Every structure is written in structure tokens, then in C-alpha cells.
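Chemist: Just need the whole structure built from these sequences, with the hints factored in.
Chains as they are written, first to last, in my numbering: chain A, 1 to 146; chain B, 1 to 143.
The hints are simulated quantities; they were obtained by calculation from the structure and are not laboratory data.
These numbers were taken from a predicted model, which means no experiment stands behind them.
Note that beta-carbon positions come from the ideal geometry of N, C-alpha and C, so glycine has one too.
Some hints could be false.
Taking CB as the label site, the calculated pair distances span [said to hold, decoys possible]:
1) A/126 - B/117: 23 to 33 Å
2) B/82 - A/65: 44 to 54 Å
3) A/138 - B/70: 31 to 41 Å
4) B/142 - A/1: 45 to 55 Å
5) B/49 - A/36: 35 to 45 Å
6) A/122 - B/68: 36 to 46 Å
7) A/122 - B/70: 22 to 32 Å
8) A/137 - B/70: 44 to 54 Å
Just some of the chain B residues that point at chain A, by a computed CB distance under 7 Å [stated by the list, open to error]:
9) 40
10) 44
11) 46
Now for the letters of each chain:
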Amino acid sequence: MRILLAYVIGTVFGLGISISGMANPAKVLNFFDVAGTWDPSLAFVMASALAVTFVGYRLILPRPAGPMLEQRFLLPSAGRIDARLVGGSAVFGIGWGISGFCPGGVLPALGTGRIEVILFVVAMVAGIFAARALMNFRSPATPTQA
Amino acid sequence: METTFTPLASTIGGALIGLASVLLMLTLGRIMGATGILAGFFTPASRDDFLWRAAMLAGMVTGPVIYLALTGSFPAIDIPISMPVLLFGGFVVGLGVTFGSGCTSGHGICGMARLSPRSIVATLTFMIATAVTVYVMRHVIGG
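Modeler: If you want it as C-alpha cells, here you go:
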């Protein structure tokens with residue numbers, strides 16, 4: 001049941017990304033290129049996704065019973081706003097600005113079988129593991145989160 | 001390269017992205033963040049944890065195939081940069097989302113919807129960094 005639901009939800013997400021234009025780097029980059037070939041479409045994607053999620057979360061998160069298939073909601077703990085968060089986000093923005101692909105846009109795009117997409121994901125996963133290695137190198141004694 | 005302004009398709013697509021986020025919270029109680037789902041896929045906490053992540057990724061990849069069935073073509077993917085630059089960008093994205101603990105879906109949609117201060121700061125940061133990068137790439141370096 002969990003697996004089937006996860007598959008269906010992933011499909012809804014992937015279809016949404018496909019329809020929205022978020023899988024298209026040229027379109028994503030044009031959103032940010034106000035001084036050039038500006039295409040405001042991405043604002044409609046973000047606003048629509050955010051509105052639906054905002055309302056949905058307001059209805060779901062207060063449920064005393066929690067989610068349907070878990071004991072409780074697994075929300076990220078409210079941590080500090082630190083240099084790692086801001087620096088990492090800035091680095092992500094640089095990568096997104098260079099390539100036009102964000103993780104949520106590029107993972108569904110794998111379904112097209114395009115070689116450029118596959119190689120981008122390989123490079124992105126290499127970046128994920130490089131960042132983990134750097135984190136472990138900088139703070140080897142940090143206990144893993146429960 | 002110019003692209004067509006698609007307010008209706010982008011609004012519908014965005015609503016589906018939102019629907020997926022809401023359904024994942026309702027059923028598995030989790031944030032619909034592409035970074036978190038992918039990262040956990042490589043280092044899952046358990047067999048069950050691996051399986052739902054694998055199913056989710058398989059579903060994501062099915063999205064464009066359904067789009068193909070509905071419209072007769074895959075969604076457009078136009079890459080206006082060279083392959084080495086694209087791969088460098090991919091590596092930088094992987095670094096950034098790991099240190100920043102999230103991306104457009106996790107921070108930008110789910111975290112913002114929860115009004116998480118961390119996510120609001122992260123989203124503002126990467127949106128500004130992306131805009132500056134695009135400006136530099138296209139109007140300072142490029143031409």
C-alpha cells in the first residue's frame with residue numbers, strides 16, 4: 001500500500017513538473033532573465049503549488065491521528081538559520097542559475113531518457129556525495145540524527 | 001532562447017505538484033522534497049524506507065511518459081548551455097542542496113507552506129543567487 005501510494009504520488013508530481021515547464025531549463029532560466037528573454041511562467045508554478053500545499057497542510061497537519069500510514073508527521077525540526085543553510089542555498093542557486101535544472105525538475109525529466117538529463121543527475125549525485133564527504137571531514141564526531 | 005509564456009499549463013502543473021505534496025503528507029507524513037527523497041534513496045534508514053523512495057522516484061519518472069500519452073510528445077527540454085557547463089552546474093546543485101538541506105520543492109514549496117523560517121530564508125537565498133547567476137552568465141560573461 002505504501003509503495004503503491006508512493007508511486008502514484010510520484011507520478012502526480014512528475015506529471016505536474018512535466019506540464020508546468022519546470023523540467024525545461026530554457027524556460028526556468030528565462031524566468032530569472034528579467035533583463036533578457038523573460039518568461040514569467042515559473043511564478044505561476046510556484047504560486048499554484050504553494051497555494052495548494054498551504055491549504056492542504058492547514059487541513060492535514062492538525063489531525064490528531066497523524067498521517068494515514070505513519071505514527072506521526074515526520075517534519076524537519078525547526079533548526080537554526082545558520083551559515084550552512086544560507087551558504088548551501090546560495091550554492092544551489094548558483095548551480096540552478098548555471099544549469100536551469102533543480103532536483104525536483106530534473107528527476108522526472110529522467111523519464112524522457114535524454115542523455116543530458118541522465119548525465120546531469122549523475123553529476124548532481126556526485127555533488128551530493130562530495131558534500132557529505134566534506135561534512136564528515138569537517139565534523140567527524142557529529143552524532144547521526146535519530 | 002525565447003520560451004512561450006504558459007500561465008494556464010504552469011498553474012495546472014503547479015497545482016499537481018501541490019497535490020502531490022499534500023497527498024504525501026496525508027499518507028506517509030513526509031515533506032515532498034526532491035533532495036530529501038533522493039538523498040534518502042541512496043542511504044535509506046531501512047528496507048521499507050528504501051522501497052517507498054524507490055517507488056516515488058519510479059513514479060516521478062513515469063510523469064513524462066503519461067504526459068507523452070496525453071499530448072503525443074515528451075515535455076520540452078531545451079538546454080541552452082554546453083555539456084561541460086551543464087555537468088558543472090549539476091555538481092554545484094548537488095553540493096548546494098546537501099549543505100542547504102533542500103531545494104525548490106522541499107524549501108520553496110513544502111517549507112514555505114509550513115511558514116518555516118529556515119525554508120523562507122533558504123528560498124529567498126537561492127532565488128536571489130539564481131537570478132544573479134543568470135544575469136552574470138547571460139549579460140556579463142555571455143552576450
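Chemist: Each of the hints needs a verdict: does it hold here or not?
Modeler: Each hint tested on the structure:
no. : hint                      : in the structure
1   : A/126 - B/117: 23 to 33 Å : holds, 31 Å
2   : B/82 - A/65: 44 to 54 Å   : holds, 52 Å
3   : A/138 - B/70: 31 to 41 Å  : violated, 47 Å
4   : B/142 - A/1: 45 to 55 Å   : holds, 50 Å
5   : B/49 - A/36: 35 to 45 Å   : holds, 43 Å
6   : A/122 - B/68: 36 to 46 Å  : violated, 23 Å
7   : A/122 - B/70: 22 to 32 Å  : holds, 29 Å
8   : A/137 - B/70: 44 to 54 Å  : holds, 47 Å
9   : 40                        : violated, 11 Å
10  : 44                        : violated, 13 Å
11  : 46                        : violated, 12 Å
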